[in-house]
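> Put together the whole structure using the sequences plus the hints.
As they're listed, the protein sequences go chains A and B.
Here the first sequence stands for residues 211 to 556, where the numbers follow the numbering used here.
Here the second sequence stands for residues 211 to 556, where the numbers follow the numbering used here.
No wet-lab data here; the hints were simulated from the structure.
Please note: incorrect hints may appear among the correct ones.
Identical chains blur together in the list; that is why a pair holds if it fits in one copy or across any two.
DMTMM-like, lysine to aspartate or glutamate: derived pairs with alpha carbons at most 20 Å apart [said to hold, decoys possible]:
#1 K509 with E233
#2 K422 with E497
#3 K250 with D226
#4 K331 with E216
#5 K213 with E340
#6 K422 with E514
#7 K327 with D219
#8 K234 with E416
#9 K415 with E514
#10 K422 with E517
#11 K415 with E517
#12 K391 with D358
#13 K213 with E416
#14 K327 with D292
#15 K422 with E496
#16 K213 with D238
Number of protein chains: 2
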Amino acid sequence: MIKTIEYIDGVVRMIDQTRLPAEKEFVDCRTIEEVGHAIKSMVIRGAPAIGVAAAMGVSLGADSIEASAFEGFYQELEEKCDRLGQSRPTAVNLAWAIKRMKNVAHNNKSLSVIELKSRLKEEALTILTEDIATNEAMGQHGQTLVEDGNVILTHCNAGALATAGFGTALGVVRASVNAGKNIRVLANETRPFLQGARLTTWELKEDGIPVKLITDNMCGFFMNKQEIDLVVVGADRIAANGDVANKIGTYMVAVLAKENNIPFYVAAPVSTLDLSLASGKEIPIEERSSEEVMTINNKRIAPEGVEAAHPAFDITPNHLVTAIITENGIARAPFTESLKALANQK
Amino acid sequence: MIKTIEYIDGVVRMIDQTRLPAEKEFVDCRTIEEVGHAIKSMVIRGAPAIGVAAAMGVSLGADSIEASAFEGFYQELEEKCDRLGQSRPTAVNLAWAIKRMKNVAHNNKSLSVIELKSRLKEEALTILTEDIATNEAMGQHGQTLVEDGNVILTHCNAGALATAGFGTALGVVRASVNAGKNIRVLANETRPFLQGARLTTWELKEDGIPVKLITDNMCGFFMNKQEIDLVVVGADRIAANGDVANKIGTYMVAVLAKENNIPFYVAAPVSTLDLSLASGKEIPIEERSSEEVMTINNKRIAPEGVEAAHPAFDITPNHLVTAIITENGIARAPFTESLKALANQK
Chain A
211 MIKTIEYIDG
221 VVRMIDQTRL
231 PAEKEFVDCR
241 TIEEVGHAIK
251 SMVIRGAPAI
261 GVAAAMGVSL
271 GADSIEASAF
281 EGFYQELEEK
291 CDRLGQSRPT
301 AVNLAWAIKR
311 MKNVAHNNKS
321 LSVIELKSRL
331 KEEALTILTE
341 DIATNEAMGQ
351 HGQTLVEDGN
361 VILTHCNAGA
371 LATAGFGTAL
381 GVVRASVNAG
391 KNIRVLANET
401 RPFLQGARLT
411 TWELKEDGIP
421 VKLITDNMCG
431 FFMNKQEIDL
441 VVVGADRIAA
451 NGDVANKIGT
461 YMVAVLAKEN
471 NIPFYVAAPV
481 STLDLSLASG
491 KEIPIEERSS
501 EEVMTINNKR
511 IAPEGVEAAH
521 PAFDITPNHL
531 VTAIITENGI
541 ARAPFTESLK
551 ALANQK
Chain B
211 MIKTIEYIDG
221 VVRMIDQTRL
231 PAEKEFVDCR
241 TIEEVGHAIK
251 SMVIRGAPAI
261 GVAAAMGVSL
271 GADSIEASAF
281 EGFYQELEEK
291 CDRLGQSRPT
301 AVNLAWAIKR
311 MKNVAHNNKS
321 LSVIELKSRL
331 KEEALTILTE
341 DIATNEAMGQ
351 HGQTLVEDGN
361 VILTHCNAGA
371 LATAGFGTAL
381 GVVRASVNAG
391 KNIRVLANET
401 RPFLQGARLT
411 TWELKEDGIP
421 VKLITDNMCG
431 FFMNKQEIDL
441 VVVGADRIAA
451 NGDVANKIGT
461 YMVAVLAKEN
471 NIPFYVAAPV
481 STLDLSLASG
491 KEIPIEERSS
501 EEVMTINNKR
511 IAPEGVEAAH
521 PAFDITPNHL
531 VTAIITENGI
541 ARAPFTESLK
551 ALANQK
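In C-alpha cells:
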C-alpha cells in the first residue's frame, strides 16, 4: 500500500490524489505554503489526512522561522497558521490539527526555539501515528455492525487515502474483512471529483476486497432492490447534535437509505466532532470552481456559456443517521449526549 | 434549432447525440438495420424520438423488400420489425411505433406493395408530426402547474432531442416560458451518459432559457435548501398503476423530492403508457455496457480490473409521483383509473 503522506528530512511527501489511479506521482512540499496549496488543490484530501498534512505543514512553517526568541517565533507561527487554516473551510480537522500544534508551542514556551521546532516535528509525527491507531480502533467498533455476507455502500473516499492509513469508513470495511467476514463494497463514483471511482476502487482492489463501481444516481436503484445492507461514509465535520457535513451527495445517500430502511453509519474520529456548533446549519460549505463540474479528463462536458454550481459538501441531518462510529465507541441518538460522552472519554 | 430526426428521399437523418455538444454531426440511415444500430448506440435516444426513428426505420425496411405479393412482403416486414424491436428493451414507444406501422400494413392488404410502401412512409411522417403536436398539448397542460419565478429541476434529457421536437419535460418548460412565466432550470448532468450536461443545457441555452448544471448528487442539496420548486422528468414506460420507468437516477430524484415536499411530475405522451403491465416490476430494465460508466471522454476513470454496474433505467413507484402530464390532460392518483381514462380519450 502506497503511503498517503510521509514526513522525512524536511519534506512532506504526498501521493498526488488528483492523478490517481492513472498515474502514481508524488508531491513534495518543503514549506507550509506548499502544504496549503496541496490541501486546496486536493492533492491530499479527506478530513483526517488534511489534519495530518496541516500538522506537518505547521512543523515546516516553524522550521522556516528565523526568530530566536519565543515571542517573535510564536507570532510568526500564528500568522502562518492563520493562512494555512484558510485553505479549505469545511473539514474541522484542519483547524483541529493547527490548534493542537499551536498549543504545543504555547505550552512549551520554556524550551529554546530549536527545541520547540523539534517538539513540533515530533507532534506532527504523533498525529500521524495516532490517526492510524484511531482508525484501527474505529474499525473494531464499526465491524460489530457488519454481518457476514453484507454488501456495504460507501460514498466518496473515506479510506487509507483520506487518512494517515487504514481509513475511517473503509477502516470499518477492512476490520470486517480482518474479522473473517465475507463482504462486498459498492462504491459511488462521487462526482464531480470521482473520489469513489478513482480512489476507493483503487484502494480496495489493492487490498483484494471485492468492489463494484456505480454512478451516484444508481445507489437508490440497488437499495430499492434490497442489494445493499448498510451504508458507511466518513465525515468532514460533525456538529454537537449529530448533523454531519460530508462530501456532496452524502445527504442523497442518507435519504435513500431511510426510504429503504437501510442503516446509515458515519465513521469519523473524535477530532472530526465540532461540539462548538449546535447544528449542521453552522457548518460552512465550501463552494469550489464550476470548472471541476464542467470538465472531465480535460474535456468540457457542457456547452460553452453554461454555468454550473459546485457545493463540495452537504449536511445530513441527524435524524437520517443511524449511528456515528468513533475510536471511542458508537454514538446513537440523542447525539447531543452520546457525542459529548465519547468526546470526553480518554 | 437543429432537427432531431428527418426523413427525406430514403434517408433517415439524425443528429448524433453521442457527440453533442462538442460536435454537430449527422448520421444518415438508409436501412432498417442502420436505424436499429443508431437506436442501440444512442445516436438517437429518448422514448418518443426512438418511436419516431423506429417508424421511419420500418418504412426503410419495407422499401427494401422485393416481394410483390402481400404475404411475402408482410412476412419479411415482420421479421425486420422483430429485429428492430430488440434494439432497446425499456422504452415502450419502440414497440408502440413498430406495432402501429405493422397495423397499417396489415389493415391495407388490398393495396399493392408499392402503394403500401408509400402508405408506410406517410405513416412514419404522421408519427413525427403528431409527436410535436402531442408535446405542445402536453406543454399546455403542464405549464398550468408552473408558477412565475419557479425553479424547475429536470433529470436526463426529455427535450426536443428526445422527441420529434419541443420535448416532454422540456416541453412543459418551453410552454411555461411561452406563457410569460419567468422560470429557471436546474439540470442534473445524468451520469453515465451525461444527457443533462450535454443535451439539456445545450437545448435550453439555444432557446435562451436560464439553465444551471449540477451533478446528480447535488439535487438533494438544493431541494433541502428550498431552491427547487418542482421536478419535471420524462418517461420511457409507465405501467397501469403509474409506476414510471425512466433514466437511472429518476428514483433518487423522486425520493429526495418527497423528503423535501416538492412536487414530482412526469411528462409523457399516451404512447408511453403500457397499460398491459400492472406495475413497474414487469418493466424490463436495460443493462448497458460497464464501459459507459468506466470511460469518460475516452479515458478510464477507474483502475483496470475494477467492474461497474450499469442499469440504464430505474422504476419510480407511483406513490412518489405527484402527477403524470399527458397530451390528453393530467393524471393523479389513483393512477389505475386516471391513466386508463386519459388513454381512452381522443
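> None of the hints should be skipped; say for each whether it holds.
Okay, the hints, checked on the actual structure:
| no. | hint | verdict |
| --- | --- | --- |
| 1 | K509 with E233 | both (18 Å within a copy, 13 Å between copies) |
| 2 | K422 with E497 | between (29 Å within a copy, 15 Å between copies) |
| 3 | K250 with D226 | within (13 Å within a copy, 39 Å between copies) |
| 4 | K331 with E216 | within (12 Å within a copy, 70 Å between copies) |
| 5 | K213 with E340 | within (15 Å within a copy, 62 Å between copies) |
| 6 | K422 with E514 | between (34 Å within a copy, 12 Å between copies) |
| 7 | K327 with D219 | within (13 Å within a copy, 82 Å between copies) |
| 8 | K234 with E416 | within (13 Å within a copy, 42 Å between copies) |
| 9 | K415 with E514 | between (37 Å within a copy, 10 Å between copies) |
| 10 | K422 with E517 | between (32 Å within a copy, 5 Å between copies) |
| 11 | K415 with E517 | between (36 Å within a copy, 10 Å between copies) |
| 12 | K391 with D358 | within (5 Å within a copy, 56 Å between copies) |
| 13 | K213 with E416 | within (13 Å within a copy, 49 Å between copies) |
| 14 | K327 with D292 | within (18 Å within a copy, 78 Å between copies) |
| 15 | K422 with E496 | between (29 Å within a copy, 18 Å between copies) |
| 16 | K213 with D238 | within (13 Å within a copy, 53 Å between copies) |
Checked against the numbered hints above, the structure violates none of them.
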